[in-house]
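K.L.:
Residue numbers (the working numbering), protein chains in the order written: chain A, 1296 to 1712; chain B, 1296 to 1712.
Do not rely on the hints blindly, as some may be mistaken.
Heads up, simulated DSS-like pairs for lysine-lysine below, C-alpha to C-alpha not over 27 Å straight-line [what the hints assert, rightly or not]: (1) B:K1558 / A:K1315; (2) A:K1614 / A:K1576; (3) A:K1404 / B:K1699; (4) B:K1486 / B:K1347; (5) B:K1386 / A:K1347; (6) B:K1515 / B:K1540; (7) B:K1315 / A:K1344; (8) B:K1489 / A:K1386; (9) A:K1347 / B:K1320; (10) B:K1404 / A:K1315; (11) B:K1554 / B:K1404; (12) B:K1386 / A:K1404; (13) B:K1558 / B:K1515; (14) A:K1386 / B:K1520; (15) A:K1320 / B:K1515; (16) B:K1320 / A:K1315; (17) B:K1386 / B:K1421; (18) A:K1347 / B:K1347; (19) A:K1486 / A:K1520; (20) B:K1544 / B:K1504; (21) B:K1576 / B:K1320; (22) B:K1515 / B:K1504; (23) A:K1404 / B:K1315; (24) B:K1489 / B:K1540; (25) B:K1404 / A:K1418; (26) B:K1699 / B:K1544; (27) B:K1537 / B:K1558; (28) A:K1386 / B:K1504; (29) B:K1421 / B:K1544; (30) B:K1344 / A:K1347; (31) B:K1504 / B:K1404; (32) B:K1347 / A:K1344; (33) B:K1386 / A:K1344; (34) A:K1320 / A:K1486; (35) A:K1606 / A:K1544; (36) A:K1576 / A:K1504; (37) B:K1418 / B:K1489; (38) A:K1347 / B:K1515; (39) B:K1344 / A:K1344.
Don't read these hints as lab results, they were simulated from the structure.
Number of protein chains: 2
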Amino acid sequence: MALIVQKYGGTSVGNLERIKNVAAKVLKRQQAGDQVVVVVSAMAGETNKLIKLALELNELPDLREYDALISTGENVSCALMAIAIHSLGGKARSLCAYQVPIVTHGVYKDGRIKSIETRLIQKLLKQGNVVIVAGFQGVDEEGNIHTLGRGGSDTTAVALAAALKADLCEIYTDVDGIYTADPNICPNARKLEKISYDEVMELASLGAKVLMIRSVELAKNYNVKLAVLSSMVDLPGTLVIKGDKEMEKTVVSGVAYDKNECKVTVSRVPDQPGVAATLFKGLGESHIVVDMIVQNVSDQGYTDLTFTVRKEDLPRARKLAEEASRKLLAGEIRIDPNVAKVSVVGVGMRSAAGVAAKMFAALGRAGINIQAISTSEIKLSCLIDAKYTELAVRELHGAFELAKGPSALKPRKRARR
Amino acid sequence: MALIVQKYGGTSVGNLERIKNVAAKVLKRQQAGDQVVVVVSAMAGETNKLIKLALELNELPDLREYDALISTGENVSCALMAIAIHSLGGKARSLCAYQVPIVTHGVYKDGRIKSIETRLIQKLLKQGNVVIVAGFQGVDEEGNIHTLGRGGSDTTAVALAAALKADLCEIYTDVDGIYTADPNICPNARKLEKISYDEVMELASLGAKVLMIRSVELAKNYNVKLAVLSSMVDLPGTLVIKGDKEMEKTVVSGVAYDKNECKVTVSRVPDQPGVAATLFKGLGESHIVVDMIVQNVSDQGYTDLTFTVRKEDLPRARKLAEEASRKLLAGEIRIDPNVAKVSVVGVGMRSAAGVAAKMFAALGRAGINIQAISTSEIKLSCLIDAKYTELAVRELHGAFELAKGPSALKPRKRARR
């Protein structure tokens, strides 16, 4: 008998028909001998409907009330799921965060789970219930509701799996696993049988939308075995686990892209120590995440400084860059929103040579100019003209032979890229 | 400085515009120096939408989950009201039942309030907040949500007023007070300035839909001063208080009607002791409320037995009557759903003579036949053909001169009707 935590996203419980399907799936699993805890999101569209109501009343709603409001969608789908399971003859019990309780700390809209009391859940499981828990919500010590930020239901599921020491945490979404690239733009993208926590986190941070970083981080920290599956079809998904020897043989596991970056260039910056600090200190203090940074070779004591930020941060970043430019007696600010970041990710890159060369060559062959480069232990990203995004993804997917399986590159110890 | 509990029904918070209006009203009251606790229902239609979802999944949903589901509508309007008050610059805090907490006992779908903890509310009021409480819900000792049955938000408001020892409990609805008769069918119906708890309870039980009996009963028991007002217009409403000397001078305060009764006649019943018991015991055991009962004068050892039940109870009542008839060797069962009950109500009837005579005469003049009569200390009801309902109400309203104010009948001690 295994203890399984399953999470169903908004699309998976988007209407009564789908809720019934999930209920049947859950019961089948229970009848096969497993104990099942189900975490549900709000029915697709419901949370947005509530957000719209709040914003129509107040553009900057009080966050305590905002959280109290937008967490109600999960309570609805939670109770409906229990009713659906009953109607199939099963035993089920729904629980909101305060009933578990799931205790959070930190700010509203972005609460962090502090502790989960598992006694009631354990008791209900022992009585033969499927336990349905409202995702995305927690309560602080005073009983105020905090939501858990984007992808919050995934976080709820992983945290529950960790607290309950579950054997597996299954995340059901509208895709059936994690692919080597976005199948919508790369038709021969291959579903990965397994992938490491680190790779999934990199892919998520690089624009792949399957899992939210925070939940994977939590899974990694508590060694929760994750599976990403589709609630619509009955196919094996992708297992997310700690990297192993076998996985490290694969140099590149996937290709990701992100069209949400913007390039900002400050021209004619005096090439002196402390100049970059002046600029980036301001950005940092304003909580603007700077991703890539490029500094041109100095020309007669002046240089150009280029960096990228998220599109939503551009207005503030531009203002700060302008202020810094005035202070530094630098030149004009140039903005280019038509850029994209394409990346290759793989734990095997830690010990493989030639990845960068292969990537640059593939982009070069396709006539794609590289505007900036950033690297980490397990990823390599290039900033390119946004219009080449899909082409670049396909070229990289082909160059690293991802459709075929493990890359043909041979791993080598402590090699340089 | 007074402490006021205000309750706004579903129509009063039916859309964002109305929520904003209520928010402004509430703030105005607070700025005038009062402390205000607001109880809200779900936005009009929302609870029914949730009920529909539950019933589509399961005709007989588990009541714990049903309550968890249908109580969410109040959480939504509660948070929206707080956001609306903030957007007008006010201070407000929303509270669900578990946050107050409002503790209930008894069954699901019809929970009874056992206790209300007032410390948090008092603290928030002292900090200058308007406190918004979700109506219609409570939690049992284990944190399970129980709804409070029909008109549950009124009950929440009255119970809060009692627990907080509020100076006044204002019930805002879509009518602007309690009238001498339904203004839709009696154009010269007059709004009552004040009325006693007992009269309102009788009126409610007789079909007037302004206040639910349970909340008035609660108000009476805890001596909570109630006001019934409209949230749409700024007019004085009707005050519901303990009867006083002055009120007792009014023999008839209002006329009510109820079209939801059905007449059932068991014919040729042997006129022997114990016969009625056989019939009504079965009805009672099935929780069918029998309202009026008439037994004809015996004819050659046989009689007809006529009684009325609620329309929704008719199928079960008919079956039980048929069984009883077979057992008693009585005759056929005749059903007449086309009946209505018209009633006059007034605390002054306790000591007034001639009310019945006046009522019968008024109906007679209008050519309306009386099929059954029932009485209590403060009301007199007649069962008539349903098609004469509106005519009867107008005739009685005229006969007792209700448009003019206090009835012209002179009260007399211990008089018979």
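K.L.:
None of the hints should be skipped; say for each whether it holds.
P.N.:
To see whether the hints hold, each was checked on the structure:
1. B:K1558 / A:K1315: The given pair, whose Cα atoms are some 43 Å apart, is violated under the 27 Å limit.
2. A:K1614 / A:K1576: It holds: about 14 Å lies between the C-alpha atoms, which stays within 27 Å.
3. A:K1404 / B:K1699: violated (59 Å)
4. B:K1486 / B:K1347: Measuring from Cα to Cα gives roughly 36 Å; hence the hint is violated.
5. B:K1386 / A:K1347: Holds - the C-alpha atoms of K1347 (chain A) and K1386 (chain B) are around 22 Å apart, at most 27 Å.
6. B:K1515 / B:K1540: Roughly 17 Å separates the two Cα atoms, so the pair holds.
7. B:K1315 / A:K1344: This hinted pair holds, its Cα atoms lying about 18 Å apart.
8. B:K1489 / A:K1386: violated (52 Å)
9. A:K1347 / B:K1320: holds (24 Å)
10. B:K1404 / A:K1315: Measuring from Cα to Cα gives roughly 24 Å; hence the hint holds.
11. B:K1554 / B:K1404: holds (25 Å)
12. B:K1386 / A:K1404: holds (20 Å)
13. B:K1558 / B:K1515: Answer violated: K1558 (chain B) to K1515 (chain B) is near 33 Å, above 27 Å.
14. A:K1386 / B:K1520: Violated: K1386 (chain A) and K1520 (chain B) sit about 46 Å apart, past 27 Å.
15. A:K1320 / B:K1515: violated (52 Å)
16. B:K1320 / A:K1315: violated (44 Å)
17. B:K1386 / B:K1421: holds (11 Å)
18. A:K1347 / B:K1347: holds (24 Å)
19. A:K1486 / A:K1520: holds (18 Å)
20. B:K1544 / B:K1504: It holds: about 25 Å lies between the C-alpha atoms, which stays within 27 Å.
21. B:K1576 / B:K1320: violated (52 Å)
22. B:K1515 / B:K1504: holds (18 Å)
23. A:K1404 / B:K1315: Given pair K1404 (chain A), K1315 (chain B) holds - Cα atoms ~24 Å apart, limit 27 Å.
24. B:K1489 / B:K1540: Roughly 13 Å between the alpha carbons, so the hint for K1489 (chain B) and K1540 (chain B) holds.
25. B:K1404 / A:K1418: With Cα atoms ~25 Å apart, K1404 (chain B) and K1418 (chain A) stay inside 27 Å; holds.
26. B:K1699 / B:K1544: holds (14 Å)
27. B:K1537 / B:K1558: violated (35 Å)
28. A:K1386 / B:K1504: violated (39 Å)
29. B:K1421 / B:K1544: violated (43 Å)
30. B:K1344 / A:K1347: holds (19 Å)
31. B:K1504 / B:K1404: holds (20 Å)
32. B:K1347 / A:K1344: holds (19 Å)
33. B:K1386 / A:K1344: Given that 27 Å is the threshold and the Cα spacing comes to 25 Å, the pair holds.
34. A:K1320 / A:K1486: Holds, because 22 Å separates the two Cα atoms, which is no more than 27 Å.
35. A:K1606 / A:K1544: Violated: K1606 (chain A) and K1544 (chain A) sit about 36 Å apart, past 27 Å.
36. A:K1576 / A:K1504: Between K1576 (chain A) and K1504 (chain A) the Cα gap is close to 30 Å, so the pair fails against 27 Å, i.e. violated.
37. B:K1418 / B:K1489: violated (33 Å)
38. A:K1347 / B:K1515: Since the Cα atoms of K1347 (chain A) and K1515 (chain B) sit roughly 42 Å apart, the hinted pair is violated (cutoff 27 Å).
39. B:K1344 / A:K1344: With Cα atoms ~15 Å apart, K1344 (chain B) and K1344 (chain A) stay inside 27 Å; holds.
Going down the numbered hints, you'll see the structure goes against 1, 3, 4, 8, 13, 14, 15, 16, 21, 27, 28, 29, 35, 36, 37 and 38, while the others check out.
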